[in-house]
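Given only the sequences and the hints, what does the whole structure look like? Please build it.
These are the residues of each chain, in order.
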Amino acid sequence: MTETMIHLSGVSRSFGSVKALDQIHLEVRRGEVMGFLGPNGAGKTTTMRILAGLLAPTEGSVAVAGVDVLDHPVEARARIGFLPENPPIYGEMTVYEYLGYLATLRRVPGVGLKQAVERAMERCGLTSVRDRLLRNLSKGFKQRAGIAQAIVHSPDVVILDEPTVGLDPIQIREIRALIRELGGEHSVLLSTHILPEVRMTCQRVAVIHQGRIVADDTLDALESRAHGSTMYYLRWRQPPVIETLRQIPGVGSVTPKEEGWLIRAESPDDPLPELVRLSAAEGWDLRELTQAGGSLEEIFLQLTTREERPDENEESKA
Amino acid sequence: MTPLLVIADKEIRDALRNRWVISATLLMAGLAFSLTFLGSAPTGDLGASRLAVTVVSLSSLTIFLVPLIALMLAHDALVGEMERGTLLLLLAYPVTRSQVVLGKFMGQIVVMAIATVVGYGAAGLAVGLQGEGADPQSWHAFGALIASAVLLGAVFIALAHLVSAVARERGGAAGVAIGLWLLFVVLYDMGLLGILVATKGQIHEKIFPWLLLGNPTDIFRLYNLTAFENTRTFSGLAGLSGQMEFSPTWLLSALFAWVVVPLGAAMVVFKRREL
Numbered sequence: 001m002t003e004t005m006i007h008l009s010g011v012s013r014s015f016g017s018v019k020a021l022d023q024i025h026l027e028v029r030r031g032e033v034m035g036f037l038g039p040n041g042a043g044k045t046t047t048m049r050i051l052a053g054l055l056a057p058t059e060g061s062v063a064v065a066g067v068d069v070l071d072h073p074v075e076a077r078a079r080i081g082f083l084p085e086n087p088p089i090y091g092e093m094t095v096y097e098y099l100g101y102l103a104t105l106r107r108v109p110g111v112g113l114k115q116a117v118e119r120a121m122e123r124c125g126l127t128s129v130r131d132r133l134l135r136n137l138s139k140g141f142k143q144r145a146g147i148a149q150a151i152v153h154s155p156d157v158v159i160l161d162e163p164t165v166g167l168d169p170i171q172i173r174e175i176r177a178l179i180r181e182l183g184g185e186h187s188v189l190l191s192t193h194i195l196p197e198v199r200m201t202c203q204r205v206a207v208i209h210q211g212r213i214v215a216d217d218t219l220d221a222l223e224s225r226a227h228g229s230t231m232y233y234l235r236w237r238q239p240p241v242i243e244t245l246r247q248i249p250g251v252g253s254v255t256p257k258e259e260g261w262l263i264r265a266e267s268p269d270d271p272l273p274e275l276v277r278l279s280a281a282e283g284w285d286l287r288e289l290t291q292a293g294g295s296l297e298e299i300f301l302q303l304t305t306r307e308e309r310p311d312e313n314e315e316s317k318a
Numbered sequence: 001m002t003p004l005l006v007i008a009d010k011e012i013r014d015a016l017r018n019r020w021v022i023s024a025t026l027l028m029a030g031l032a033f034s035l036t037f038l039g040s041a042p043t044g045d046l047g048a049s050r051l052a053v054t055v056v057s058l059s060s061l062t063i064f065l066v067p068l069i070a071l072m073l074a075h076d077a078l079v080g081e082m083e084r085g086t087l088l089l090l091l092a093y094p095v096t097r098s099q100v101v102l103g104k105f106m107g108q109i110v111v112m113a114i115a116t117v118v119g120y121g122a123a124g125l126a127v128g129l130q131g132e133g134a135d136p137q138s139w140h141a142f143g144a145l146i147a148s149a150v151l152l153g154a155v156f157i158a159l160a161h162l163v164s165a166v167a168r169e170r171g172g173a174a175g176v177a178i179g180l181w182l183l184f185v186v187l188y189d190m191g192l193l194g195i196l197v198a199t200k201g202q203i204h205e206k207i208f209p210w211l212l213l214g215n216p217t218d219i220f221r222l223y224n225l226t227a228f229e230n231t232r233t234f235s236g237l238a239g240l241s242g243q244m245e246f247s248p249t250w251l252l253s254a255l256f257a258w259v260v261v262p263l264g265a266a267m268v269v270f271k272r273r274e275l
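In order, the protein sequences belong to chains A and B.
With the working numbering, the residue at position 260 of the first sequence is 260, and numbering never jumps.
With the working numbering, the residue at position 167 of the second sequence is 167, and numbering never jumps.
A couple of the hints might just be wrong.
As the list claims (entries may be wrong) - Examples of chain B residues toward chain A, derived with CB under 8 Å: (1) V6; (2) K10; (3) L16; (4) R17; (5) T86; (6) L89; (7) Y93; (8) V95; (9) T96.
Stated by the list, open to error - Residues of chain A clear of chain B, computed beta-carbon distances all greater than 10 Å: (10) L105; (11) R107; (12) P169; (13) R237.
Simulated from the structure, these hints should not be mistaken for lab results.
Here a beta-carbon is modelled for each residue, glycine too, at the ideal position from N, C-alpha and C.
The structure is reproduced here in structure tokens:
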């Protein structure tokens with residue numbers, strides 16, 4: 001269970017002057033389902049494309065099942081099953097033709113090809129629509145076909161980029177069950193920004209924010225870590241300027257959220273008493289005060305809404 | 001099956017499925033039959049074989065038709081898949097980008113070859129079955145016409161692949177493809193005529209033939225109208241062929257170079273392209 005199937009080391013990627021990824025380190029072990037969380041634009045899709053051999057990193061190394069993606073791209077891709085964000089389908093093909101074509105391209109041997117296609121269809125619940133044209137299928141079935149093509153050759157690694165976006169609740173539940181089932185046999189990297197999805201399907205989670213990995217741990221470990229720092233959401237009728245809030249002892253970061261402010265408390269000082277006192281004394285007129293706990297959503301918010309500081313990267317590694 | 005053949009096979013199946021093959025074949029056959037039976041009526045008076053006349057007529061038809069079919073068939077080979085998102089999937093598979101371009105190119109050549117061989121072949125066969133004008137040399141010229149028409153198709157498929165590798169969207173690729181057709185089929189020769197008129201025919205005799213090599217349709221025309229004696233005679237180029245700088249082999253090589261260069265450029269551009 002400890003064999004590393006996905007290994008990214010010091011991976012950076014720039015698009016012109018924009019640094020999309022900055023020194024990414026990531027490992028996924030055999031049989032593990034790892035959630036890859038991040039807000040839109042955080043660098044998830046860029047990371048996925050680098051892993052799938054579609055983009056070259058500006059620096060760093062990438063290996064899949066021990067094969068270097070940059071030095072041996074074709075061999076590495078043979079070990080990967082990839083589902084891009086939008087289900088890539090050939091609408092004029094039937095499900096069976098589509099999987100047969102892609103399995104042949106995957107060099108599934110002729111004798112095992114039929115069985116491989118049948119098995120992939122069975123696992124993804126596509127048998128009943130095997131002879132239907134893909135363009136006539138619902139989005140859920142198209143997504144299943146996309147997943148089926150990613151597993152038809154029994155790859156070591158399956159990379160799924162936002163597999164449940166745009167599906168209805170029933171379809172989402174079915175796809176999540178399928179992803180859970182894929183773990184064990186395959187190592188799965190699941191990119192998503194839907195937090196319940198991670199909780200339901202993943203053993204481990206990496207959080208990416210502004211091109212950096214800001215957390216990489218099991219869900220339990222992340223949640224227990226989160227209890228060491230508290231988030232408050234405050235909303236005033238006459239809010240102070242942000243600098244005033246930053247100068248209050250114990251305030252770690254201040255981030256605007258909706259109509260209020262998300263304030264991260266820094267141990268050991270709790271800024272709440274002072275915040276409440278100042279609200280009354282300065283006439284800010286406090287309308288709402290909520291304390292965030294240690295749920296995955298709150299951890300995610302803590303990790304992805306904190307302000308940029310020179311030493312932040314060091315903190316996240318610690 | 002290698003990835004190259006798998007991709008080529010899919011291109012052929014797609015063309016069969018969306019009726020490209022049948023449409024192109026019927027179009028070529030229909031026009032070839034018309035030219036064969038309407039355009040070669042005066043052969044009795046001229047003393048040329050009917051098949052030789054057909055070759056000359058089909059040479060002119062081919063210059064208009066084959067580039068158009070080839071460009072329409074292949075202009076969205078890469079950019080179309082990019083727009084549909086399937087290229088992203090394909091390139092995540094254990095295939096190289098060169099294999100994708102070559103596989104598609106091969107499949108489209110087969111489609112073009114089927115349409116040309118069946119379309120033109122049926123017309124040729126009809127002439128042959130009539131029992132007149134079917135001397136071996138005419139058959140040879142007819143066979144060469146079909147082969148060189150497929151090669152001309154390959155040239156324009158290669159050019160279309162280059163367009164497709166560069167284009168950002170299908171609409172743009174279609175526009176450039178039409179522009180290429182106009183350039184090579186209409187404008188280039190008009191330009192050459194313009195040069196001749198402007199220089200009062202004084203353009204250096206060594207330069208002019210080389211200018212013809214700058215247009216694959218001119219190479220095709222020169223090859224088919226000068227490579228065989230009976231077509232030379234009927235097309236009125238018997239005198240010119242004696243002064244020609246280039247042998248038929250040379251002309252075919254030039255046409256072949258017109259396939260290799262744009263296809264190579266398409267592979268280089270596509271390899272460097274970021275998706």
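Status of each hint after checking the structure:
1. V6: Since the shortest Cβ distance to chain A is 5 Å, the answer is holds.
2. K10: holds (6 Å)
3. L16: Because about 11 Å separates B/L16 from the closest Cβ in chain A, which is outside the 8 Å limit, the hint is violated.
4. R17: holds (6 Å)
5. T86: holds (5 Å)
6. L89: holds (4 Å)
7. Y93: Status holds, d = 5 Å.
8. V95: holds (7 Å)
9. T96: With Cβ-Cβ at 6 Å, under 8 Å, it holds.
10. L105: violated (5 Å)
11. R107: violated (7 Å)
12. P169: holds (25 Å)
13. R237: holds (48 Å)
The structure fails hints 3, 10 and 11 (numbered hints given earlier, in ascending order).
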